[in-house]
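Combine both chains into one complex, guided by the hints.
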Amino acid sequence: MNTNFQIVPYTEHGFLVRFLGIKDVIKTGIHAALLAQKMNEVSCWLDVTPGVDSLAARFDPDKINYGDARIAFEKTVCVSIGDVLPPPVKTLEIPVCYEEKYGPDLKLLSEQSGQSEQKLIDLHTYKPVRVISMGFAPGFAYLGSVDEQLQLPRRRSPRISVPAGSVGIADQFTGIYSMQSPGGWQIIGRTPINLIIPNQHEPFLLQPNVEVRFRAVDEQEYLAIEQEQNR
Amino acid sequence: MRDFVPSKAILKVLSPGLQTSLQGSHRAGLRHQGFPSGGPADHLSAAIANSLLGNEIGATVLECSMSGPTLQAMGDIRAVLSGASVDVSVDGIPIALDEPFTIKKDGILKIGACETGLRVYLAIEGGFVAPLLKRAQVMPITDRRNFHQQILQNGDLLMQGDLPGAETLVALDNNSISSLRPSYSHDWLLRALPGPECPPLGEDFRSLIQSASFDVQSDSNRMGVRLMPYSLQDNFDKVSDLAFSGAVYPGTLQWPVGGTPILLGCDGQTTGGYPRILQVLTVDLPLIGQLRPKDRVWFQIVDNQEAQEILRIRTLMVQSALPNFTFC
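So the protein lines, in turn, are chains Y and C.
Okay, so the first sequence: first residue is 523 according to the numbering used here, each after it adds one.
Okay, so the second sequence: first residue is 29 according to the numbering used here, each after it adds one.
Quick caveat, the hints were computed from the structure, so don't treat them as lab data.
Some hints here could point you the wrong way.
[What the hints assert, rightly or not] Derived CB-CB ranges, DEER-like:
{"no.": "1", "chain 1": "C", "residue 1": "Lys-36", "chain 2": "Y", "residue 2": "Lys-629", "range": "28 to 34 Å"}
{"no.": "2", "chain 1": "C", "residue 1": "Glu-143", "chain 2": "Y", "residue 2": "Lys-649", "range": "54 to 60 Å"}
{"no.": "3", "chain 1": "Y", "residue 1": "Ile-719", "chain 2": "C", "residue 2": "Ile-341", "range": "42 to 48 Å"}
{"no.": "4", "chain 1": "Y", "residue 1": "Asp-546", "chain 2": "C", "residue 2": "Ala-37", "range": "52 to 58 Å"}
{"no.": "5", "chain 1": "C", "residue 1": "Glu-231", "chain 2": "Y", "residue 2": "Val-611", "range": "50 to 56 Å"}
{"no.": "6", "chain 1": "C", "residue 1": "Leu-46", "chain 2": "Y", "residue 2": "Gln-749", "range": "32 to 38 Å"}
{"no.": "7", "chain 1": "Y", "residue 1": "Leu-645", "chain 2": "C", "residue 2": "Ser-95", "range": "47 to 53 Å"}
{"no.": "8", "chain 1": "C", "residue 1": "Phe-129", "chain 2": "Y", "residue 2": "Gln-749", "range": "45 to 51 Å"}
{"no.": "9", "chain 1": "C", "residue 1": "Glu-143", "chain 2": "Y", "residue 2": "Gln-640", "range": "56 to 62 Å"}
{"no.": "10", "chain 1": "C", "residue 1": "Gln-245", "chain 2": "Y", "residue 2": "Asn-587", "range": "37 to 43 Å"}
{"no.": "11", "chain 1": "Y", "residue 1": "Ser-635", "chain 2": "C", "residue 2": "Arg-340", "range": "35 to 41 Å"}
In this text, all values refer to a predicted model and were calculated from it rather than measured experimentally.
Just so you know, even glycine gets a beta-carbon here, dropped at the ideal spot from N, CA and C.
Isolated chain C (complex conformation) (with noise of 0.2 Å):
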């Protein structure tokens, strides 16, 4: 951003919205340096998106979440938005999602504020250019301070690159986005695993957990999903801290004896002590970045052979429109 050459920028920040960011594919392999996933919170609608311009799916996009930026074009640029339900506009004129558009040079794109779903995603002809680490794509070390703070600012100019596109366009059109994708509401039913604390999965602990619904707090972001239980009485008195820390993942859900119990988001840290109750399934994880503030959320518990074959099956439902598309 700051340190973009400004010969190559195609999108001028007009206004940055709430908290807007560049995100690429996600980092694989470098949890055991403490490497937390990274890329987009959604990356199957992120997948979506560059998938509709001819993009690989992991080309970077432009991350919007609750209130998106207004940005000014400084050339003819083509670009698509597919996630949250948000008002798009170009120069005034209503944006759908989902749907390729063009922006002509001067331009003015303004994505406004989600209404279901938290998160929306800019995709532009050729990706966006995002500062490299060398080892670990994108997210830029520049200072201990603001490791994890490459907001956008007034005034960054955001790169286009230059990238291939994937190998066979997939013609997308709405029916087969909305089989990939559900619709987004305020309630959110996600499919879970026992974590390895979980306590003995008697009936009484499933119908415990399976029937508690949990209020998403407003101190939530890529890192983890703060989730207040209603209805359910925290009595998980086998459950108490590991003795040591230990791995977890996106979609691990912490319950600190006593606290809030938290759910690891796509930024979450690779090592935790508080007992890791639930594990989300794979093919639910992008969700989890759409959970907003006052959104409410359920589980519903698997056992791991019916978990795998929901892997399996997804998997290959997604990759029949996005090819190189994987969950995990």
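Isolated chain Y, as found in the complex (with noise of 0.2 Å):
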């Protein structure tokens, strides 16, 4: 692979490593994420998360010392980064209510760019993004990426509470909140989907590398589409 990466302990019985010069941070993470599976069926690693642009992995040190942990690591990491991005595992549309009412930071989006708030729905809208990894929280999805006009940095300090289906904006990343949860990403929209299938084998509608288009709908649409989801 041609991306450089550093590698640091994170907790004394694991490792981070960051992938450096990245000319692609979709294709970066969602590599990240497909190694993050792979290394996961290996019995010494006891979780691994991947990030966007790195991945963190912790050992069972009643299984393998911290050298070889590392050594492992190390060389797992510089085989598994590809270049060639596999195609999409399916296509999936979400309809997202950007009114006021469930997009709370639309309109900040939209002074901070100078944009109408319509101009960025459609920004939203138009453009299939990936998803990239899951984390956060149990079936949260970062997608990305989206059109730059529509990049806006996280909130200073996150909110205590941001309802289940938000829609979040964290730089170039767009996101979904599978629960309430505390978050930090500016909301412009909701989703009434169900991220999260009760009681299945795969409880997430999404994984990585699939491709979404969000749809908007009005608060009608949203409503009804939320009803026949719960019934």
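Right under this line is the structure:
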């Protein structure tokens, strides 16, 4: 792989690798997520958590010592990040209501970017985005990348509670809160679709490398879909 | 709870307490899907409670936070409580922590308000049975709006399991328990490693962090503990938000620029974008579950090699009493 990387200790039984000089962050992020899935099958790793430009793993000190784990980690990372992105697993359409009640930060984004709210909604819906990785909370998906004019940094201080289904923006990413939780992303809308499917072997609607197209809906349609979902 | 088969019910909730929930052993290997570790916030106390009854150390327990529940037995039952100091009674007679006791059918177990420490664990012989999500043990996904909210309610019936006991029942006495677990107070020293975004660890930064104290804020929960720095200027000039979100763990101290530091707990998110300044040692993670609002926290920074040694030695020591226990 062409990407440089840097490995640092993270916890007393784990490591973090940062990928440096990334040309295509979406591609790197998806590769990291796919690598995490693969490493997770290896028993010496207790857990493997992909970031977008990083990946962290903790080893089981009962199964491998620090020095050997460090070598194994570097080897795996070195050979696993490829250049070619596999085609999307599937394509999904996700309805989003962008009205202020559901997307309280859209106005701010409009003021900061000088674009009308409608223009920003168009920008969020016209281009398909890809699920980079799952993380933060069960079923939460990082997707990207969004149009430059939509990019807005995280909030200075996170909200204590963000409703389930909220669609947020953080820099070049857009994400969907799968459940009510604290959160620091700028919220521009909300989907009525449940990202968590109860009692299934694969309980999440989204997974790395799924393609998503957002579709704007009004409140009436939002409520109708929500009712349908929860029937 | 609401789905339980009544015929197996063993305890009825007369008053649910402030935030009481069933907690099984933590989930491993699902962080890449966004699943937090979960499990008892102080899994060492939960393991001690189970062990005192001869249960597997990871058997499902009832976690009582701050102010405990009142429960009525629906049959004779052996139980034990371990964790935060709290007044407990059965039919009005006081019960000591860390000592198994019996509740007769129709007897009433009253768990009061925790005085030092935040959480106390009720284990019963055979363990509780909690609804299972196939791949995630005890975080039941019932509705996207109350994912974390499996909090006991009035009238809930708790089910008793029929789990095999631990292979070796190790006798725990009060001396060995106090050597496994520090006594709780309102002041806590947590040992920590520098996190990935920790500023260069010169003497300045080290003494700055180590001399500061932090007040536990009331808007804290199993996901995270908000810590208000006391007598510390927020001068992390070199630290900025991460360009992209990255892995965080229980024990990660995230410090948003200009914001309040958050020490992540057992239900904390798996990735985040705020600078990761410190990482609490794995052996000190159970203490995070006992931090209560208004308690005061100090950090002591140790280096990685020392931390590995502490983990090795503490694990050996705890395993001499709780053979299958792991901090990781």
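Hint-by-hint comparison with the structure:
1. Lys-36/C x Lys-629/Y: 28 to 34 Å: 53 Å, violated
2. Glu-143/C x Lys-649/Y: 54 to 60 Å: At 57 Å between Cβs, range holds.
3. Ile-719/Y x Ile-341/C: 42 to 48 Å: This hint holds: roughly 44 Å between Cβ atoms.
4. Asp-546/Y x Ala-37/C: 52 to 58 Å: 56 Å, holds
5. Glu-231/C x Val-611/Y: 50 to 56 Å: 51 Å, holds
6. Leu-46/C x Gln-749/Y: 32 to 38 Å: 34 Å, holds
7. Leu-645/Y x Ser-95/C: 47 to 53 Å: 49 Å, holds
8. Phe-129/C x Gln-749/Y: 45 to 51 Å: Holds - the Cβ-Cβ distance for Phe-129/C and Gln-749/Y, about 50 Å, lies within 45 to 51 Å.
9. Glu-143/C x Gln-640/Y: 56 to 62 Å: 57 Å, holds
10. Gln-245/C x Asn-587/Y: 37 to 43 Å: 39 Å, holds
11. Ser-635/Y x Arg-340/C: 35 to 41 Å: 53 Å, violated
Violated hints, listed in ascending order, are 1, 11; each of the other numbered hints is respected by the structure.
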